[in-house]
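A.B. asks: Build the full structure now, drawing on both the sequences and the hints.
Protein chains: 4
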Amino acid sequence: MTRIKPENPQSFRARLHTIIYEADTPAGKLFDVALLVIILISVLAVMLESVESVRRVYGYELQVVEWVITIFFTLEYIGRIIAVRKPWAYIFSFYGIIDFLATIPKYVGLLFPGSGVFLAVRAIRLLRIFRILKLVNFVGASNQLMIALRRSRVKIAVFLFSVIVLCIILGTIMYIIEGPSNGFTSIPTSVYWTIVTLTTVGFGDITPATPLGQFVSVVIMVLGYGIIAVPTGLVTAEFMKDKQVHLNTQACRNCGAAHHRDDAEFCYNCGARLKK
Amino acid sequence: MTRIKPENPQSFRARLHTIIYEADTPAGKLFDVALLVIILISVLAVMLESVESVRRVYGYELQVVEWVITIFFTLEYIGRIIAVRKPWAYIFSFYGIIDFLATIPKYVGLLFPGSGVFLAVRAIRLLRIFRILKLVNFVGASNQLMIALRRSRVKIAVFLFSVIVLCIILGTIMYIIEGPSNGFTSIPTSVYWTIVTLTTVGFGDITPATPLGQFVSVVIMVLGYGIIAVPTGLVTAEFMKDKQVHLNTQACRNCGAAHHRDDAEFCYNCGARLKK
Amino acid sequence: MTRIKPENPQSFRARLHTIIYEADTPAGKLFDVALLVIILISVLAVMLESVESVRRVYGYELQVVEWVITIFFTLEYIGRIIAVRKPWAYIFSFYGIIDFLATIPKYVGLLFPGSGVFLAVRAIRLLRIFRILKLVNFVGASNQLMIALRRSRVKIAVFLFSVIVLCIILGTIMYIIEGPSNGFTSIPTSVYWTIVTLTTVGFGDITPATPLGQFVSVVIMVLGYGIIAVPTGLVTAEFMKDKQVHLNTQACRNCGAAHHRDDAEFCYNCGARLKK
Amino acid sequence: MTRIKPENPQSFRARLHTIIYEADTPAGKLFDVALLVIILISVLAVMLESVESVRRVYGYELQVVEWVITIFFTLEYIGRIIAVRKPWAYIFSFYGIIDFLATIPKYVGLLFPGSGVFLAVRAIRLLRIFRILKLVNFVGASNQLMIALRRSRVKIAVFLFSVIVLCIILGTIMYIIEGPSNGFTSIPTSVYWTIVTLTTVGFGDITPATPLGQFVSVVIMVLGYGIIAVPTGLVTAEFMKDKQVHLNTQACRNCGAAHHRDDAEFCYNCGARLKK
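In order, the protein sequence lines correspond to chains R, A, V and S.
Under the numbering used here, the letters of the first sequence match residues 1 to 276, in that order.
Under the numbering used here, the letters of the second sequence match residues 1001 to 1276, in that order.
Under the numbering used here, the letters of the third sequence match residues 2001 to 2276, in that order.
Under the numbering used here, the letters of the fourth sequence match residues 3001 to 3276, in that order.
Source of the hints: derived by calculation from the structure; they are not laboratory data.
On a predicted model such as this, the values are computed, not experimentally measured, just so you know.
Please note: incorrect hints may appear among the correct ones.
[Said to hold, decoys possible] Label-pair restraints from in silico Cβ distances:
(1) S/3033 - A/1025: 56 to 66 Å
(2) A/1153 - R/82: 34 to 44 Å
(3) A/1061 - V/2211: 41 to 51 Å
(4) A/1057 - S/3059: 52 to 62 Å
(5) V/2182 - A/1044: 49 to 59 Å
(6) R/64 - A/1057: 55 to 65 Å
(7) S/3057 - A/1044: 45 to 55 Å
Note that CB positions come from ideal geometry on N, CA and C, so glycine has one too.
C.D. replies: Printed below as a string of structure tokens:
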């Protein structure tokens, strides 16, 4: 979306681009804030419409609001396609797909009634707030989170897979011990219960009744209470690594290498003396 | 509240200031401890009065206790205003507003019965304990906590906002899957349930009944169990940074080596004596 | 399983070994993936068979699937024994025992009906995925997890034992306070409830009814909420140590300074070239 | 309990001391293990006796077991007093008081029936296992845990106190919103519910019914989900500090100062060159 050759800044497309994509100009900022407010109203309207008592009284008004917003979203979507040089790049980008999915359900609802709930996908549009607030260091923080999570991705996958296998085995054991008469009606239900217990959620819709079942439950709980340390430890270690790497912020004047030790006097890459 | 010019230490205002604001003199210490005990009694009285069985038997006595405390708080509030040179600075300070809010409900209750429960705001006054215990390093610890939380504020906001958007989307999915017949009566209720599940609280007042709903629930639980690592990792990393920052910051004048121990007298690298 | 002397690569045993044990050749890779799919189908079949409504309709088909898989597992097990030079080493290895236990229940079920649920042990075979994915760094990550957990083993044991003793004592106190009339029917049940509460699972099948019982419950909850920090802190510290250990371990030959960056070529202290 | 002057090793008291207090001799080791087994049986007997169905069948046998153990404990307690030089030091030590409390309930039970449940205090005696296993590094690990917890004591206190004040205020708000008709019968009950929710236990015995109450609940849950990071971060930071401090294990040959930096060449305290 970075434009290589400057277009005539007074052309319609250029002005549209400024308003829709650039949050640094007053017009662009106004547009972004207005958009966020409209998305918020849209999400609230969908949520409220699902409440029986509200729908009975304000059903018609909510329908009107949703149609107005849908038309606005449609125009905005078309505007976005017009304003960029490579429309397909936008259409198949993450935000492009979300924008499309946020626009279409109301039209589909004309053909297939009941599909209106898919309007909830609009909630994802709220994530635009991060782009609007890019002036502050929100995006940086978000990226740092993402990087830390991505770096510990493999370990988290190994951990999660082991936990799932553990839950299948422990769930089956609970099914054998407790049986359908105590609410553990099948192995899938038992595995569901085991995950509910291991993650310390503990709904209490199914509870062990036999002493042996309670003993195994206790083992599951203590396990869950203990192994939560693993993802926490992984992510914390990642965050720490990040911290340690970014302490010395200067780059070598000779070779440009960065990330020196805090107490480095010479560049670790070329041996040149660093500025103190 | 630091006083620039010493007043006549025998004047009424000076003595009042000593008693109310200075916790280092015997009189001031006594006042602070007495105040804390009275606040505690006040909070207990409000709590006990809300218990039906207690109110029936001791209702009158509790009313008397509350009025006595209210009058004491009123006098203390007036005293605080008199004792300081810049009364408005006190009145609009955090503690000034809390003190006012802790005094007023009983009087308001004469006009609007039922507003007595707002006396609970007095609980905030218990935080005065930190000021009273300032002799010890309580305040320092509290500040350190505050600093760590403030520094990771932006990241926590990004994290929280993403989680809320996630909960809206997952809540809507659960509403579509389970529907009103299984207790997911509306999208707001579903979102509420999703947050209850994601935070691993798990009341169990609403539980999924369909296999697909249970599968999505499991995904929500595992997500909640996993992403708790993010705030924990953030705050831990902040605490750690704090630790590292407080190490000895001076560099050796002889060889320039840094990161000496806090109590180091000689450079660990060349043995030269460090500047104290 | 590393073979000292190369066998005739065209012999039956050598080819069998290549297929079953070596995931790097196309045939071996195909075998491993096929095996994983079959294990997955096997686990799903056992789980589905336990669901009443599914068993009624597809009971016969599931029986057929399970017998086919059992026969395949039998052949595979025999194949594994033939293909290795030291069969006993395989038979008594972790995977050998799991493979045996995953094969036998169906045969035992002919003699003792109802033992079919033990087929769930097959879920453990899913852990083979880690061996299949060894091309990537899954195994490394898994090992790192294991090492971190093993290193903090003693501390975790001390912690766990202390928590159990605490739960016995607090459980007995709750039994004394609440008594059988409020659901705390015996000390074992009370201890079970205490662990449910301390680990923040909170089923809600038993809840305190007396004010004193609720007060002790609150103490248990806050304890549980607080001491979760201990295993988390232990494991995180282990992970961190791990990170620190993997830093560049060499010292400068010129000035002896250590803790160089992993990719450092020059000493950060004196600028001398480091040995690669 | 370290003895200054060696007594005649063949005297009765010396031999008694060896058996009871010294876990390094075969006799002492045997005594310690036997004691642990008896304590375990004792705890199990008390737990089993509280189970209605077990008491009806084995009530008499359990009584006999408890009396035998009580007599053994009495003899052991007398033995311990005889074997040490300063009996009062033992009697008022932590273990001395626990030993006394573990012995007395059965005798008191003769006078006041029903006090038998206090036998549960014997569970604390199980902590003796740490002394018995002192050969291994259990005690060290336990001490390290204790030191880390003790060092972050003040911060944990500040944190806990703030959380309690928060819970009183939020509990009162929930009482105002939901009221007795929805199960929030009084402010103490509301505060209890708030702590149940904040610690993510979530029994589900009381749940918010109004939309506003559910909104405040969500705030409480997210708060609880987030601030668990604080104790975790504190303890982790303590554990880490511990790790960093203990890396260099050598002491200066000149002045005896320890805890040098890992890459220290000279003592930070006296400037003497350290042994590499």
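A.B. asks: Please go over all the hints and tell whether each is borne out by the structure.
C.D. replies: Hint-by-hint comparison with the structure:
{"no.": "1", "hint": "S/3033 - A/1025: 56 to 66 Å", "result": "holds (60 Å)"}
{"no.": "2", "hint": "A/1153 - R/82: 34 to 44 Å", "result": "holds (39 Å)"}
{"no.": "3", "hint": "A/1061 - V/2211: 41 to 51 Å", "result": "violated (19 Å)"}
{"no.": "4", "hint": "A/1057 - S/3059: 52 to 62 Å", "result": "violated (41 Å)"}
{"no.": "5", "hint": "V/2182 - A/1044: 49 to 59 Å", "result": "violated (25 Å)"}
{"no.": "6", "hint": "R/64 - A/1057: 55 to 65 Å", "result": "holds (57 Å)"}
{"no.": "7", "hint": "S/3057 - A/1044: 45 to 55 Å", "result": "holds (48 Å)"}
Hints 3, 4 and 5 from the earlier list are contradicted by this structure; the remaining hints agree with it.
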